[in-house]
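Start from the sequences and build out the full structure, keeping to the hints where you can.
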Amino acid sequence: MLATLGVDRILLDNFTPGQVAVAVKRLRALAKGGKLEPGRGTASSARRGGSAKGGGATAVASPDALPEIEVSGGIRLENVREFALPGVKYISVGALTHSAPALDLSLLVADVS
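Each residue of the sequence shown is one higher than the last, beginning at 1 in UniProt numbering.
You may find that some hints are simply not true.
Stated by the list, open to error - What follows is a set of in silico ranges between Cβ atoms, one per label pair, in the way DEER data are often shown:
1) Asn79 to Ser106: 29 to 37 Å
2) Pro86 to Asn14: 18 to 26 Å
3) Lys89 to Leu5: 52 to 60 Å
4) Arg9 to Asn79: 33 to 41 Å
5) Leu107 to Ala84: 40 to 48 Å
6) Asp104 to Asn14: 44 to 52 Å
7) Leu5 to Pro101: 39 to 47 Å
8) Leu5 to Val109: 28 to 36 Å
9) Leu30 to Asp104: 44 to 52 Å
10) Asp8 to Ala84: 18 to 26 Å
11) Ala110 to Val80: 24 to 32 Å
12) Ala84 to Arg26: 14 to 22 Å
13) Gly6 to Thr97: 27 to 35 Å
By construction, these hints were calculated from the structure, which means they are not laboratory data.
Small disclaimer: the values here were computed from a predicted structure and weren't measured.
Cβ coordinates follow ideal geometry from the N, Cα and C atoms, glycine included.
Printed below as a string of structure tokens:
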């Protein structure tokens with residue numbers, strides 16, 4: 001169902017690891033365990049009309065294919081492993097950008113002439 005609606009990825013923002021596990025389970029139930037035709041590529045390549053490796057077959061997504069799942073929000077380097085759950089494809093750690101320690105420098109320019 002989700003693949004036919006053009007859903008490639010679902011972002012679970014500010015979920016606890018337990019909530020992520022429940023959401024993945026519910027999404028799998030919604031997708032009814034949908035799969036691509038054997039050896040035919042991915043749901044997103046099917047929508048792009050891409051080809052799979054090997055026989056040059058066009059990927060055909062099942063209407064029940066599960067989108068990629070990303071988790072974000074409240075994830076730190078200290079707890080990232082808690083979010084590495086089956087079904088989670090991407091984990092965004094905001095600390096890499098907005099919580100990085102600052103470096104305070106100055107530049108003094110002298111006239112050398």
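So, against the hints stated earlier in the document, which numbers end up violated here?
Of the numbered hints given earlier, those the structure breaks are 3, 4, 6, 8, 11, listed in rising order.
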